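Following the hints, put chain B in place on chain A, whose structure we already have.
Protein chains in written order, with this note's numbering: chain A, 14 to 254; chain B, 14 to 254.
Because the hints were derived from the structure by calculation, they are not lab data.
Since the model is a prediction, treat every value here as computed from it, not as a measurement.
A couple of the hints might just be wrong.
The list treats identical chains as one, so a pair stands whether inside a single copy or across any two.
Below are the DSS-like pairs computed for lysine-lysine, each with C-alpha atoms no more than 25 angstroms apart in a straight line [unchecked claim]:
id, residue 1, residue 2
1, K122, K165
2, K165, K130
3, K213, K17
4, K185, K213
There are 2 protein chains.
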Amino acid sequence: MSKKPTLYTCLSPALLHLYNVRDCVIVVIDVLRATSTIATALYNGAKSVIPVDSVEKCIRLGRSMECITAGERDGQIAEGLQYGNSAFEYPRSFIEGKILVLTTTNGTKLLHMALAKGATEIITGSFLNLSAVCEHLVEEKKNVILACAGWKDRVNLEDTLFAGAVIAAIGKHFTIDCDASQIAHCLYGNAKENLFEFMKEHDASHYHRLMNYGLERDIRHCLTADLANVVPYYKDERLLI
Amino acid sequence: MSKKPTLYTCLSPALLHLYNVRDCVIVVIDVLRATSTIATALYNGAKSVIPVDSVEKCIRLGRSMECITAGERDGQIAEGLQYGNSAFEYPRSFIEGKILVLTTTNGTKLLHMALAKGATEIITGSFLNLSAVCEHLVEEKKNVILACAGWKDRVNLEDTLFAGAVIAAIGKHFTIDCDASQIAHCLYGNAKENLFEFMKEHDASHYHRLMNYGLERDIRHCLTADLANVVPYYKDERLLI
Numbered sequence: 014m015s016k017k018p019t020l021y022t023c024l025s026p027a028l029l030h031l032y033n034v035r036d037c038v039i040v041v042i043d044v045l046r047a048t049s050t051i052a053t054a055l056y057n058g059a060k061s062v063i064p065v066d067s068v069e070k071c072i073r074l075g076r077s078m079e080c081i082t083a084g085e086r087d088g089q090i091a092e093g094l095q096y097g098n099s100a101f102e103y104p105r106s107f108i109e110g111k112i113l114v115l116t117t118t119n120g121t122k123l124l125h126m127a128l129a130k131g132a133t134e135i136i137t138g139s140f141l142n143l144s145a146v147c148e149h150l151v152e153e154k155k156n157v158i159l160a161c162a163g164w165k166d167r168v169n170l171e172d173t174l175f176a177g178a179v180i181a182a183i184g185k186h187f188t189i190d191c192d193a194s195q196i197a198h199c200l201y202g203n204a205k206e207n208l209f210e211f212m213k214e215h216d217a218s219h220y221h222r223l224m225n226y227g228l229e230r231d232i233r234h235c236l237t238a239d240l241a242n243v244v245p246y247y248k249d250e251r252l253l254i
Numbered sequence: 014m015s016k017k018p019t020l021y022t023c024l025s026p027a028l029l030h031l032y033n034v035r036d037c038v039i040v041v042i043d044v045l046r047a048t049s050t051i052a053t054a055l056y057n058g059a060k061s062v063i064p065v066d067s068v069e070k071c072i073r074l075g076r077s078m079e080c081i082t083a084g085e086r087d088g089q090i091a092e093g094l095q096y097g098n099s100a101f102e103y104p105r106s107f108i109e110g111k112i113l114v115l116t117t118t119n120g121t122k123l124l125h126m127a128l129a130k131g132a133t134e135i136i137t138g139s140f141l142n143l144s145a146v147c148e149h150l151v152e153e154k155k156n157v158i159l160a161c162a163g164w165k166d167r168v169n170l171e172d173t174l175f176a177g178a179v180i181a182a183i184g185k186h187f188t189i190d191c192d193a194s195q196i197a198h199c200l201y202g203n204a205k206e207n208l209f210e211f212m213k214e215h216d217a218s219h220y221h222r223l224m225n226y227g228l229e230r231d232i233r234h235c236l237t238a239d240l241a242n243v244v245p246y247y248k249d250e251r252l253l254i
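Bound conformation, chain A alone (with noise of 0.2 angstroms):
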């Protein structure tokens, strides 16, 4: 029997660094909303979606090429930009077969620091698109590493449980020797009944941070699985599937 690449859960940005990023898959998760945002959007035809860490590069790229820029800051859309950071602004109707630059803090951020750490290969994870990154993680029989964005380094929850949606899918194809690992398929073992009922009663710091912007719908839409079945995978500065 061959043996079975390993799997690592890195549950804040701050720990990257203790994990060998090289020659394995890294899914970055930024379940609200960044990467449910990006699911969404190629799902419905987008040319690729280029995330960027700033307003003022993703203004800056709005200027030199065609392209729908996007971004929130504190809940509302930034300053200078388009649209916003919902799944539900980019239906087909609207995207399709356009590029959306998109800057968000937490999901950008881990992205740049898991190359600048010389990952080769990074996927991005979300609910919604949770059964293609399986799906995929399982085929390619590499390495994985799940790669939490959380909130300014802090774990959180909702990222925390989609590392463990994952492991309870596919866990058994891979050598988990993860204490971070064990813990986020533990709480997703709690929660996977009414994930936004567990997000409330739990007092999930993002949970609030929405729903004080009036986000209850979106924070529903992202804890949803499988409405945006891609895998969305980074390449030359872009994600695309």
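For chain B alone, coordinates are given in the frame of chain A:
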């Protein structure tokens, strides 16, 4: 009604910079086995425990003062030291009235990090002194950081479980806006009926490491509540009760 103090859980020393350690009580947690051994030695009458971060420093202190030098590396008593890192080595008949100089890696490193960041009040926590720590935190009414030592900066199960046990016991006395605390609390809820079995079933990395050294009895002991119910606090480079 007066405002409740805050409680945060820091799952790894590499995340400590995210928390304001000043003017709060830091609970250093290194269940397997530093903080369990510290509680035991002090409970059994040790004058003090001096935590040091290297075998060399431990040997040097041993030469300069009358004390017991102890510490392990890779499951063996480190060369040049007298005793190991098991609570069973420190019964009252042996340790009463003596000073224990203990070298550990993860727990000591975290303690020194907290000091360097300006922490003014540090205590140590383990299941062996769970109730004493909880009562102390409730009485003090100060902000709390439950700081897990982990393993080489990786999150581990047993320290996270201890944080969860504290939150299960006294969380209602605090304002908890911290997903890591929610995760720890939830994990403990799953594990509390049988912590040893939980560690075993969930392939805790420390479970395997210590079982390989033949230390099942140590693991079981360190997962038992209130066998050494004291509150070790750090003052002048040593832990006292």
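Worksheet item: Which of the stated hints cannot be reconciled with the structure, identified by number in ascending sequence?
Response: Structure breaks no hint.
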